[in-house]
Each structure stands twice: as structure tokens, then as C-alpha cells.
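First to last, the sequence lines map onto chains G and X.
Just so we're aligned: 19 in the working numbering is position 19 of the first sequence, and the numbers increase by one with no gaps anywhere.
Just so we're aligned: 76 in the working numbering is position 76 of the second sequence, and the numbers increase by one with no gaps anywhere.
All clues given are correct.
Residues on chain X that point at chain G, a partial pick, calculated with CB under 7 Å:
(1) P61
(2) V66
(3) A81
(4) L82
(5) V84
(6) S85
(7) V86
(8) D87
(9) I89
(10) L91
Stretch-level coverage of chain G by chain X, calculated; a stretch enters the list once three of its residues show a Cβ under 8 Å from a Cβ in chain X:
(11) 33-40
(12) 121-131
Listed next, with one range per pair, are the computed distances between beta-carbon atoms:
(13) X/D48 <-> G/G106: 51 to 61 Å
(14) G/E107 <-> X/V13: 47 to 57 Å
(15) X/L10 <-> G/E107: 50 to 60 Å
(16) X/G79 <-> G/E100: 50 to 60 Å
Simulated from the structure, these hints should not be mistaken for lab results.
Just so it is clear, CB atoms sit at the ideal spot from N, CA and C, and this is done for glycine as well.
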Amino acid sequence: MTSAAVSSGSASESSAVVPVADSVLITRQGKTSIAAVVVEKIAGMATREISGVYKLGGGAARAFGAIRERIPGGSTNLSQGVSVEVGERQAAVDLELTVEYGVEIGELTKAIRRNVITSIERMTALEVTEVNITVNDVHVPSDDDDVDHESRVE
Amino acid sequence: MVSVEDSPALADVIASAAGSCPGVVRLSGAVRSYLPGRTVPGVVIGPDHVQVNVVTGYGTPLMEIVAGLTAALVSFLDGRALWVSVDDITLPDDPIAAPATASGTSGARAR
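Given the sequences, and given the hints that come with them, work out the whole structure.
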């Protein structure tokens, strides 16, 4: 369910970029490290850019992905609906979101995945290995007064 | 006796050069250089490396910003390696926080 093979050409931006350890990209003259929160913000931004996304998060806030370690040595950053793991030169993203009612969810998630991968790879030169998307909720316009759902059964 | 306070420290010079690089919003307070009576946020100078912690804007690839930082700082490195840590990015709808305190280190706005 992941599409990681994006040849963005970002690997050839700096001469002699040698990936080594711990979200660190080493150049001939030094190294660059990118905090997980940076990747998280980029992923969140890329997700919100797709119309049809009502909001990130919503529904029960689960520690999605915090237990599994998909990338050896990766660090995790959790925020409202966006969880990322950043490793040596790769990143994995988990998204939880609420969609607008009437949206074709299959197409929406494909578009989100594409935009998230492209944005992260272009901006950080990290390879995105997976983008998992959970649609938690649907926003119906009449929900806007945020009334608690009353149970019809006891 | 020449007062040490009169001459800008290397940390100030580096902070100023880094802060005015395109794409750098400000220096990050995660690390600091400790000078008499004040600190310089975002810069640490070691015997064989210089570390710069920055907050960047959204939009420009980070590797380009790093290349810009490297070019701007190479003359101050004196052979030391440059470590760049991108600690945060400012999204277009974020309020731009005030520049890091102390010693006039004001970052350039990202465009």
C-alpha cells in the first residue's frame, strides 16, 4: 500500500552526500540533521493542501505507529493526526484525518499520499518509505455545533 | 586594556551570517554559545566543527538552504566542519515568533 519509489533526483543535490547515522546526512564539509517535527509539519501541510480533507486528527487519538518501529533507530514525533518516524535517510508517515462528506476517499488518499511523499522528498531529501492513512471521521456540515453524539441505545 | 566586549565574537559573526541566509527564519535556541554576560543562540563552536541550529521557512528544499549556509559561513569555518541542525520550520500560517533573545541575532524572514 506504499509507493516509495519516487525518483525525485534529490539525492544528487549536494555533491558527496553520504548518509550515515541517525537522521543525519553527511556532506564532505559537515552534516545536516533534520528534526522529526520538521517532517511532521511538512506532512501536515501537504495533507491540508488536498481539498477534501476537513482536518487532521479527529476521532479517537491513538498512539498510531508509536509501538511499531518500522525504521531502525528512527525517532517518532506525534501530533494532532500526524505521526512521523525519521531515520538515517528515510521517513515514514502515519496520518489520521477527517474527510469532508461526499469525497471519494480512495482518490483522496491517493492524492494525499502523492503530495506528502513529493513534499517531504523535495524539501528534506529523505526517502519516504510509507504513508499510512486512517480516515477516522467524516465531517458533515450539520456537525458544526460539535454536539456530543447521543447514543440511541443503552 | 582592550575590552573583550568591544570586538564581536566569532559566534556573533556566524549567527549574523547564518540568520541572513535565504530560507533561514531565525536561529534556534536549542543550543547556544556562552559568552561573558550573554549567550548567542543557535551557534556552537568546537575545535573541529561549527554547529548552527536554525529554523527555516517552508518551501525551499532544506539542502539548498544548507548549501547557502555553507557558502555564507565557509570563510568563518577556518577548516572546521559545518554541522547544520534544522530544528523547526515555520509554516505559512504560523505566526513568526520573535527573534531569539540576546545579542542581536535576528533571522531573516523566509520568502
